[in-house]
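Use these hints to put chain B onto chain A, whose structure you have.
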Amino acid sequence: MLFAGKLSWTVITLVFSVLMFVALYLASKKIYVPHIREHAGIQAITEAIGRAAEMGRPVSFSPGTSSIYDAKYAGDTAAALRILDYVARESIKSGSKLIVGIAPPTVLPVAQAIVKTAYTAEGKAEEYVEGDTVRFLSPDQWGFTSNYMGMMHRERVAANFLFGGHAAEALILAETGATVGAMQVAGSTNVYQLPMFIVSCDYTLIGEDQLAAAAYLSPDPAQKGVVFGQDLAKLISVALIVIGAILATAGSKILLTFLKS
Amino acid sequence: MAGIWRTTATAILLVVSLVILFDFAFKNPALQSLATDLSNWAVVVGAFALGIGAYSLILRHGGMIAKKRPVWPYSLLLLVTMFVFTVTGLITGSITSPQYNWIYSTFVMPVSSTLYGMNAFFIASASYRAFKARSWEAIVLLVSAIFLMLKNAPIGGVISPVLPQIGGVIWDFAGATGMRALLIGIGIGTLALGLRVIIGQEKTPLGGAE
Numbered sequence: 001m002l003f004a005g006k007l008s009w010t011v012i013t014l015v016f017s018v019l020m021f022v023a024l025y026l027a028s029k030k031i032y033v034p035h036i037r038e039h040a041g042i043q044a045i046t047e048a049i050g051r052a053a054e055m056g057r058p059v060s061f062s063p064g065t066s067s068i069y070d071a072k073y074a075g076d077t078a079a080a081l082r083i084l085d086y087v088a089r090e091s092i093k094s095g096s097k098l099i100v101g102i103a104p105p106t107v108l109p110v111a112q113a114i115v116k117t118a119y120t121a122e123g124k125a126e127e128y129v130e131g132d133t134v135r136f137l138s139p140d141q142w143g144f145t146s147n148y149m150g151m152m153h154r155e156r157v158a159a160n161f162l163f164g165g166h167a168a169e170a171l172i173l174a175e176t177g178a179t180v181g182a183m184q185v186a187g188s189t190n191v192y193q194l195p196m197f198i199v200s201c202d203y204t205l206i207g208e209d210q211l212a213a214a215a216y217l218s219p220d221p222a223q224k225g226v227v228f229g230q231d232l233a234k235l236i237s238v239a240l241i242v243i244g245a246i247l248a249t250a251g252s253k254i255l256l257t258f259l260k261s
Numbered sequence: 262m263a264g265i266w267r268t269t270a271t272a273i274l275l276v277v278s279l280v281i282l283f284d285f286a287f288k289n290p291a292l293q294s295l296a297t298d299l300s301n302w303a304v305v306v307g308a309f310a311l312g313i314g315a316y317s318l319i320l321r322h323g324g325m326i327a328k329k330r331p332v333w334p335y336s337l338l339l340l341v342t343m344f345v346f347t348v349t350g351l352i353t354g355s356i357t358s359p360q361y362n363w364i365y366s367t368f369v370m371p372v373s374s375t376l377y378g379m380n381a382f383f384i385a386s387a388s389y390r391a392f393k394a395r396s397w398e399a400i401v402l403l404v405s406a407i408f409l410m411l412k413n414a415p416i417g418g419v420i421s422p423v424l425p426q427i428g429g430v431i432w433d434f435a436g437a438t439g440m441r442a443l444l445i446g447i448g449i450g451t452l453a454l455g456l457r458v459i460i461g462q463e464k465t466p467l468g469g470a471e
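Protein chains in written order, with my numbering: chain A, 1 to 261; chain B, 262 to 471.
Careful, some of the hints might be misleading.
[What the hints assert, rightly or not] Footprint (simulated), chain A over chain B, 3 or more residues, beta carbon under 8 angstroms:
{"no.": "1", "stretch": "317-329"}
{"no.": "2", "stretch": "345-355"}
{"no.": "3", "stretch": "375-382"}
{"no.": "4", "stretch": "387-396"}
{"no.": "5", "stretch": "434-444"}
{"no.": "6", "stretch": "448-454"}
Hints are computed from structural coordinates only; laboratory data are not their basis.
All C-beta atoms, glycine included, are put in the ideal place defined by N, C-alpha and C.
Extracted from the complex, chain B is given alone in its bound form:
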């Protein structure tokens, strides 16, 4: 049974992939319409997956509340919030309604912004560890970082106009070329992975190897 399922899934994957791929290169209205339909189906399947996610959350956090685990009040808060958001969305009929927006901008947005802002502090702690000159590679990283910081910070140009230029050379030549080489490798690697998935060599996206 598992064999039939896997063969069917691989066949569907092959056909869908070829339709999307050909639609990218060839001008054909029928192909374009089919590719659009398939992309829309993916969105619908994604919406069903959200239901599975909600079920998984209720299962886990409901269990934590029932067993009075140490962090059960947080689980309760999560489930209540989930319920409030769902009910508000259903009653107002839109996720752009003023009520829904109020809850989002009052509670979710500030917390999200705070978390995003924490990046600044984490960059400082990560830089401190990375820039310790323990090896030749770390020394190269440290020196390059100093020149790049002096390129971007106004003080670099004030000390000497040469400093931002050195930073510019590091950024334009070493940085850009390295990044482009990386992007070429990623493009070819993605193509190879795509081919492996399409022909069924890579089985994990279908739910695991035998």
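Just chain A, same shape as in the assembly:
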């Protein structure tokens, strides 16, 4: 039996999920592979790593301060870890030193595995330094912040990536990156921290761009199918808003009653 007020949530989640699965299936079978426009922010990741390699300075990466099972920002953390995989591989290819700063302990073993796998896959397993390439800084928000700031200053990083769930420390980290002259790319779904990243970083992946970054970065067509399914879900949402506005203007509350059910 459904909880009261969860009917509309269940129906919408089911419809959107089916839509995404159909788009994923069509793309994986190459029946319809959508074309995804090039994203300047994601291209900037490669550009920043290349710049760091030319300058002979390190690349720093933060997957955020939210744990991997955080109720609100677990999605951000998962997306950040996917981007970390890409950043690690690109850094290894270009010969740049990579430093990953970790705050939540739950993210540490996953980040270590990702970076270690990337070094092994690129044939440079000996360059991965245990405890140094992926650094556990502090589980405390401000302990992590001061540590990460100090690391950016001491190592004079040339590229800094801030993804995942960041809170009040977002502006401090981004401004420190700007102070040391690093090219910065950030991403967040936290609408209160996005303005901080936008004013301080060179490029910012706004909201869902960060979540879809995995699909942008992957050569797998199935991943692009999910992005197409996502866009269809957004079109339905916009249609519901327009229909709801027209119905409400006409005095009908049918859609409102359904959404509250």
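For chain B alone, kept in the frame of chain A given last:
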């Protein structure tokens, strides 16, 4: 071997995700009890991860002290602090004991507050850079920011009662609608990412792609 591990992990992830998801929508005591147990397990696993973190810290900073790296005194301070906190917690048996609280409120709290307070200065420096009218977008940002500041600061209403109203229109219409559109996109994006993780399309949360 890696293939078996990944398949097992994906299967566990699928089952756990479905239990949590169904528990959110359906009223069922057995499902609720299982979902609560799974959430508690996550907390226990998180506590083990803290041990891995402590090991990583000791490894790195112990190495820095041994090799007398330039910042080794800070590493020593970190390890001593970590030791003092752990011992105090173990001896007093609680992290809410007066001794533990004293160390926390005397050393950690002031430093944390100072760092948080630094936000004010960073906002000023970031605003200075962002509000330089170098492009049309920056001009829009600058003008909107001026009206919003005049809406929030008492001087806006003193100059003219119209100024806070303009700021209010920018906040209520442009700001709120933009933020809601963003939230709808984030909700759908999170659902898509969740589906990719559940069906094993997204491999990084399990420790990296092949």
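Quick rundown of the hints versus the structure:
1. Evaluation of the coverage hint for the stretch 317-329 of chain B: fulfilled, as 5 residues show C-beta separations to chain A shorter than 8 angstroms, against a requirement of three.
2. With 0 residues having a Cβ less than 8 angstroms from any Cβ of chain A, the stretch 345-355 of chain B misses the three-residue criterion, and the hint is violated.
3. Only when three residues or more bring their CB closer than 8 angstroms to a CB of chain A does the claim for the stretch 375-382 of chain B stand; here the count is 4, and the claim holds.
4. Proximity of the stretch 387-396 of chain B to chain A, defined as three or more residues with a beta carbon under 8 angstroms from a beta carbon of that chain, is established by the 4 residues found.
5. Given a C-beta distance limit of less than 8 angstroms, the hint that chain A covers the stretch 434-444 of chain B holds, as 3 residues qualify and 3 suffice.
6. Against chain A, the stretch 448-454 of chain B contributes 6 residues with a C-beta closer than 8 angstroms to a partner C-beta. That satisfies the three-residue criterion, and the hint holds.
When the structure is compared with the earlier hints, a violation turns up for hint 2 alone.
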